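Enquirer: Just so we're aligned, residue 1 is where the sequence shown starts under the numbering used here, counting upward by one.
Everything labelled a hint here was simulated from the structure, so no lab data went into it. None of the values given here were measured: they were computed from a predicted structure. Backbone N, C-alpha and C fix where the C-beta goes; we use that ideal spot for every residue, glycine too. Be a bit skeptical, because a hint or two may be false.
As the list claims (entries may be wrong) - Below, computed lysine-lysine pairings styled on DSS-like, alpha-carbon distance capped at 25 Å:
#1 Lys-22 <-> Lys-163
#2 Lys-137 <-> Lys-95
#3 Lys-163 <-> Lys-95
#4 Lys-22 <-> Lys-138
#5 Lys-163 <-> Lys-101
#6 Lys-101 <-> Lys-239
#7 Lys-163 <-> Lys-138
#8 Lys-95 <-> Lys-138
#9 Lys-101 <-> Lys-138
#10 Lys-137 <-> Lys-163
#11 Lys-239 <-> Lys-223
#12 Lys-101 <-> Lys-137
What the hints assert, rightly or not - Label pairs and their computed distance ranges (CB to CB):
#13 Lys-307 <-> Ala-1: 48 to 56 Å
#14 Ala-47 <-> Thr-17: 33 to 41 Å
#15 Leu-221 <-> Ser-83: 29 to 37 Å
#16 Leu-221 <-> Val-97: 26 to 34 Å
#17 Ala-47 <-> Val-96: 22 to 30 Å
#18 Gly-32 <-> Pro-118: 31 to 39 Å
#19 Thr-17 <-> Glu-42: 48 to 56 Å
#20 Gln-334 <-> Pro-284: 25 to 33 Å
#21 Gln-222 <-> Leu-173: 47 to 55 Å
#22 Asn-74 <-> Asp-100: 50 to 58 Å
#23 Tyr-18 <-> Asp-48: 39 to 47 Å
#24 Thr-85 <-> Gly-32: 47 to 55 Å
#25 His-80 <-> Gly-211: 37 to 45 Å
#26 Ile-84 <-> Gln-290: 18 to 26 Å
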Amino acid sequence: AFPNDFVLSDGWVRVPTYDEEKVVMVKQRWRGLSIESIFTTEFRCTADYVADACRDGRVRLSGSPCQPVDLVQNGDSILHQLSITEPAFRDGAIKVVHEDKSAGVLVVCKPAGIPCHPQGPYRRATLVSILRESHLKKQDAYCHPVTRLDRLTSGICILATSKVGARQLTELLPEISKLYLAKVRGQWAHSSLPGTSPNGEPASKKPRTDGWFTVSEPLLLQKHKEGQPLTTVIDSSGKPAETRVLLLGSNEESSLLMCQPVTGRTHQIRAHLQHVGHPIVGDPVYGDGQADAAEICLHAVAYTWRKDVGGLPGRHLMSAGLPTWWTEPWAAVQLAVESVDRPGG
């Protein structure tokens, strides 16, 4: 369930607009600049907004009313009271898959559209914030994502609800293998893929006798640029990255895959699948999805392990159900999960 004040309308969830105060101390580079100059260059506000905020008392200099032309000095503080309107996201329940309170372990299925932790315009509309309010019932409850998913990706996520749990889970991460489901553009073709392997041999995707294929290409995380989302590219100077892929279904338009990232680079599956000519359906960065996409066809379906992992049961955990875009039967997914190479084996 979502917090009581969240508004559900026409399949979308909206966080009510709320006020927030921020107080910052004047930085050295701001000294001698006007309030208007700081807000327009540093905070990307318009001059009209700054004028209105100063007039209404929503911007104050060292606790006192100020004007846009007032200059700031060393030791000054700037208070900014602003109204926060977070982006709406598609309705999708956060389902608890497993919980061990004594071990400080919580496993949930995250819907697409919300990030795991506060970032950018998302503050209350995040997995951690919602769990604190609706599940743990404490705003300051310890809730740390040990495995994280991109905002547009749905699926299973492991969180620690205590520092002890966080430490134990972090130490055991190498024992855990992550599995994703993906719907990609085009009919999956094993024999006509671009790229070269690190040793210079043709084809970055190598077949295995068990039906799995390996995409092995180094990935480089590009620095943030204005107007450009976080992006990972294939680059020989990047970090080694390996993704195993299993075909579960296809037609002339699209293919359904299970993906196992052997390494854990940012956007690894998305970048590797784009590189081999099969971008994920709906991906706004690596495919043809819209910039304001609410989700992509990528779902973290399971975690598997061979050694005992404190707070986690058995040898694998699977998500609570499958996404609507997935059309293969659940049994096929379970069979694929059982075929993976688990760490520590």
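Enquirer: Now tell me, hint by hint, if it's right for this structure.
Expert: Quick rundown of the hints versus the structure:
1. Lys-22 <-> Lys-163: 28 Å, violated
2. Lys-137 <-> Lys-95: 16 Å, holds
3. Lys-163 <-> Lys-95: Judged against 25 Å, a Cα distance of about 23 Å means the pair holds.
4. Lys-22 <-> Lys-138: This hinted pair holds, its Cα atoms lying about 23 Å apart.
5. Lys-163 <-> Lys-101: 12 Å, holds
6. Lys-101 <-> Lys-239: 37 Å, violated
7. Lys-163 <-> Lys-138: With a Cα-Cα distance of about 16 Å, the restraint between Lys-163 and Lys-138 holds, given a limit of 25 Å.
8. Lys-95 <-> Lys-138: 18 Å, holds
9. Lys-101 <-> Lys-138: 15 Å, holds
10. Lys-137 <-> Lys-163: Status holds; Cα separation ~18 Å.
11. Lys-239 <-> Lys-223: 15 Å, holds
12. Lys-101 <-> Lys-137: 14 Å, holds
13. Lys-307 <-> Ala-1: 48 to 56 Å: Given about 35 Å between the Cβ atoms, the range is violated.
14. Ala-47 <-> Thr-17: 33 to 41 Å: For Ala-47 and Thr-17 the Cβ distance comes to about 23 Å; the hint is violated.
15. Leu-221 <-> Ser-83: 29 to 37 Å: Since Leu-221 and Ser-83 have Cβ atoms about 34 Å apart, the given range 29 to 37 Å holds.
16. Leu-221 <-> Val-97: 26 to 34 Å: 30 Å, holds
17. Ala-47 <-> Val-96: 22 to 30 Å: 49 Å, violated
18. Gly-32 <-> Pro-118: 31 to 39 Å: 33 Å, holds
19. Thr-17 <-> Glu-42: 48 to 56 Å: Violated, since Thr-17 and Glu-42 (Cβ atoms, about 23 Å apart) do not stay within the stated range.
20. Gln-334 <-> Pro-284: 25 to 33 Å: Holds, at about 31 Å.
21. Gln-222 <-> Leu-173: 47 to 55 Å: Given range 47 to 55 Å: violated, Cβ gap about 25 Å.
22. Asn-74 <-> Asp-100: 50 to 58 Å: 52 Å, holds
23. Tyr-18 <-> Asp-48: 39 to 47 Å: Between Tyr-18 and Asp-48, where Cβ atoms are some 23 Å apart, the hint is violated.
24. Thr-85 <-> Gly-32: 47 to 55 Å: Between Thr-85 and Gly-32, where Cβ atoms are some 33 Å apart, the hint is violated.
25. His-80 <-> Gly-211: 37 to 45 Å: 57 Å, violated
26. Ile-84 <-> Gln-290: 18 to 26 Å: The hinted range 18 to 26 Å holds for Ile-84 and Gln-290, with Cβ atoms some 24 Å apart.
Violated hints, in rising order: 1, 6, 13, 14, 17, 19, 21, 23, 24, 25; the structure is consistent with all others.
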